[in-house]
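Visitor: In case you want the letters, here they are:
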Amino acid sequence: MVNVGVMALDDGGRADFDRLRRERRERVFASMAEHDLDAVIIGREPNARYASGARRLWVAGTRPFGPGCVLVAATGETHLMSTWDEGIPPEIPHENLYALSWNPMVLVDVLKKIDGLAAARRIGIDAMSPLWTQLLPLAAPDAALVDAESMLRGLRMRKTADEILCVRTAVAVAEAALATAIDALRPGVRERELLGVFVERMSEFGLTGLAMEGIFSATDPANGDGAPRLRRVARDRAIDEGALVAMAGGVLYAGYEGSVGRTRLCAGRGHRRPTASEREVGARWRSVWSRLADALQPGATGADLRAAYEASGEPLPPFPFAQSIGIGVEAPIAGSSLGKDFDAQWRLEPGMTLEVQAYTAGPAGGYLGLETVLITDDGHEVLSTLSHGSLGDDLT
Amino acid sequence: MQSTVAQPSAPADLDLTRMRRDRLAKLVVAMDEHAMDALVLSGTGNVHYAVGSTSMASDAGRAFQEPTIAIVTRKGPHLFTPYPEGAPPELPADQVHGSLYPEFPEGVDAMADVLRNLLGGGEHRIGFDDMTAVAHDRLTSIAPALTIADAGEVLGPAKLCKTDDELECIRRAQHINELAMYDVLDALRPGVRQSDLTGLFLRRIYELGVTANSIDPIWQVTPDSIAHGPYTVNGDVAFPTSTTDRILREGEMILVDSGVVYEGYCSDFGRTWFAGDYEPTPRQRDYFRRWKDVIERVLSITRPGTTGLELNRIAREGETGRRPWLDHFYLVHGLGTESAEMPFIGTDLGEEFDESIVLAPGMVMVLEPVIWEDGHGGYRSEDIVAVTDDGYRLLSSFPYVPFEQEAVRW
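Same order as they appear, the protein sequences are chains A and B.
Residue 0 is where the first sequence starts when you use numbering that gives the first Met the number 0, and the numbers rise one by one after that.
Residue 0 is where the second sequence starts when you use numbering that gives the first Met the number 0, and the numbers rise one by one after that.
Keep in mind the hints are simulated off the structure, nothing from the lab.
Glycine included, each C-beta is placed from N, C-alpha and C at the ideal position.
Treat each hint with caution, since some may be false.
Stated by the list, open to error - Derived coverage of chain A by chain B (criterion: at least 3 residues anywhere in the stretch with Cβ under 8 angstroms from a Cβ of chain B; other residues may be distant):
hint, region
1, 74–88
2, 94–108
3, 196–202
4, 228–242
5, 311–322
6, 330–341
Put together the whole structure using the sequences plus the hints.
Guide: Dropping the structure here:
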């Protein structure tokens with residue numbers, strides 16, 4: 000039984016962050032050796048967090064590539080773009096920090112001075128930009144630039160025990176926040192207000208980073224052809240009595256994501272029971288989930304998950320329904336538009352954590368359920384315990 | 000000549016369709032000028048600029064793997080998104096597509112097919128704002144007729160001067176940001192945690208109608224001496240450091256910074272506060288007055304034709320010793336679909352760069368001088384102005400409490 004919470008315990012017993020960072024770092028350097036990389040230059044924030052353990056400012060959305068974190072095989076050193084040491088782990092010494100700069104040529108000079116980089120023959124990169132395509136050769140003239148994103152993704156997808164504990168903690172907080180948002184659901188509440196309730200509850204645990212702004216959307220009836228039309232971006236719009244409201248949120252704990260999603264009937268004071276038509280979408284969701292649950296085990300591939308979803312007879316949602324998650328999304332495992340052959344490359348292993356969701360829709364609206372699951376030695380564990388409520392007949 | 004001040008900023012009409020049409024027209028003109036056949040954009044702010052679509056805001060850890068991508072040709076934009084409901088209503092359905100996955104070889108191949116279909120045969124120059132490692136590896140070998148260029152050549156000039164609709168979006172973003180901060184200021188009591196302030200702030204901005212939050216708000220406890228704060232590479236004040244559940248103590252100086260998004264446009268709120276009922280010392284009042292003096296000097300020459308170097312120099316007049324802004328930042332940055340964009344003034348790009356910046360109507364400047372006397376603390380706030388035909392217009396108004404209680408008037 001895991002004691003999940005955010006308080007530091009004087010006897011230990013929760014995530015050991017020194018060990019977490021050390022194990023990640025060792026895996027990165029070992030993997031660099033396997034891939035014959037003399038250095039890795041990281042631009043993507045999730046990769047920089049993974050490799051360096053730096054706790055940096057949360058900013059929404061994507062940023063252009065820049066050399067934010069540099070790992071050198073010959074020295075075993077990690078170099079970080081950070082003007083200060085606040086949030087920088089103690090194993091990265093002050094001399095390995097370099098200041099934020101607006102002048103790319105200043106950064107080129109910084110790179111030139113990093114011991115071991117100029118002589119590198121093979122440098123892994125996790126992204127690139129037209130500007131840095133021109134500038135990186137100034138700092139490492141003999142180096143071939145090769146893809147390191149896939150290497151880092153492979154490492155990130157296989158979690159250590161401490162990483163799994165972080166995901167568990169994030170799920171518990173996400174679940175608490177979602178339960179509070181569910182309690183706030185009533186006719187007339189606006190979708191964005193529910194997001195506000197979610198975030199405020201999250202902050203009561205001392206956490207401030209959303210994995211995503213989440214889904215707080217009154218669902219629409221299915222099209223005539225039964226095709227799901229899930230609107231996921233919450234609007235500034237009041238929710239009507241009788242709406243089936245899809246709600247999902249994700250939070251970050253120590254950089255790791257936990258998400259959970261449920262659908263509830265907006266029933267007002269009377270708390271009426273759902274009608275047969277409303278319950279039907281929940282029952283169909285259960286049917287999809289039971290097939291997915293059978294497939295969620297070591298050895299199964301993304302293609303097996305896709306087949307399980309399709310066997311339910313429900314149309315696939317227009318986005319990947321299973322994704323590897325950890326420090327954000329790591330890979331679309333099943334259901335992307337790249338097709339089943341693409342999905343077949345991902346094989347589930349114990350220690351992977353996935354976000355798995357299904358959506359069903361009918362004349363009364365839709366049902367979204369989203370779970371974070373851990374692949375175990377003999378199957379999987381759903382990390383959320385939150386009830387699916389009257390639409391789901393408490394299936395968990 | 001003194002600048003003419005138009006204020007306060009009253010709510011103005013906002014026509015989002017017109018805004019998107021005007022932006023696209025500017026982009027196409029710039030593409031023509033720079034011989035750019037297409038843009039492939041994945042930066043959140045760039046996609047918004049080119050298309051005006053909405054996606055679910057998320058942490059960078061998600062955003063890179065669930066990209067919203069715009070491919071813009073001179074005939075118009077195509078949107079590739081996991082959030083088709085966020086496409087602008089006038090964008091034809093056959094220009095709204097499912098996600099591209101350029102993190103993977105199969106996705107890069109699909110992107111190359113899209114470019115071939117949109118552009119036809121022959122040589123083409125394509126502007127990218129960012130590339131995945133796989134696209135960098137693979138794209139030019141599978142599509143040898145493509146020349147990869149920097150999308151910034153086109154985006155930079157198009158984004159620099161804002162239309163009235165864009166300015167109104169910034170004003171609304173800032174307005175909501177400021178309204179939420181009144182609640183936060185009331186809650187800044189001894190013992191409140193940084194994370195409590197974040198929770199309150201975020202709840203309020205969502206209630207008040209933002210499109211998204213863009214940065215984890217900063218409530219940085221800042222000691223009077225740099226030596227008592229975090230180590231810094233450049234020896235200046237560490238700022239901005241990230242929020243935790245730190246408990247705020249009576250009288251602590253709190254540097255506040257936040258940014259929200261309204262229809263793709265960012266706000267920028269910066270103030271210096273103190274936890275609890277705190278009476279600033281005469282020294283602190285002096286720092287505040289000097290900070291205001293810097294702003295006043297800068298605004299006295301803020302009008303079309305003034306150069307960035309002139310602003311840089313006038314800001315430093317009378318300030319002996321350190322420049323009145325942080326070493327790793329700037330005196331001025333722009334604001335738009337990015338929280339910091341051109342024009343930058345006072346950065347490590349140097350004086351020649353500052354001199355190349357010539358103010359023009361529609362430019363937005365966030366002024367963020369910082370007064371600091373090590374051992375005694377200092378003062379930092381931010382205010383936003385838009386350059387007008389003959390001066391400037393203020394887009395921020397939150398009072399400088401605890402030094403002044405009235406809304407800002409310049």
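Visitor: Each hint needs a verdict: does it hold in this structure or not?
Guide: Each hint, compared with the structure:
1. 74–88: holds (count 6)
2. 94–108: Holds, because 8 residues of the region 94–108 of chain A bring their Cβ atoms closer than 8 angstroms to Cβ atoms of chain B.
3. 196–202: Holds: 6 residues of the region 196–202 of chain A have a Cβ under 8 angstroms from chain B.
4. 228–242: holds (count 4)
5. 311–322: Contact hint for the region 311–322 of chain A vs chain B: holds, 3 residues under 8 angstroms.
6. 330–341: holds (count 6)
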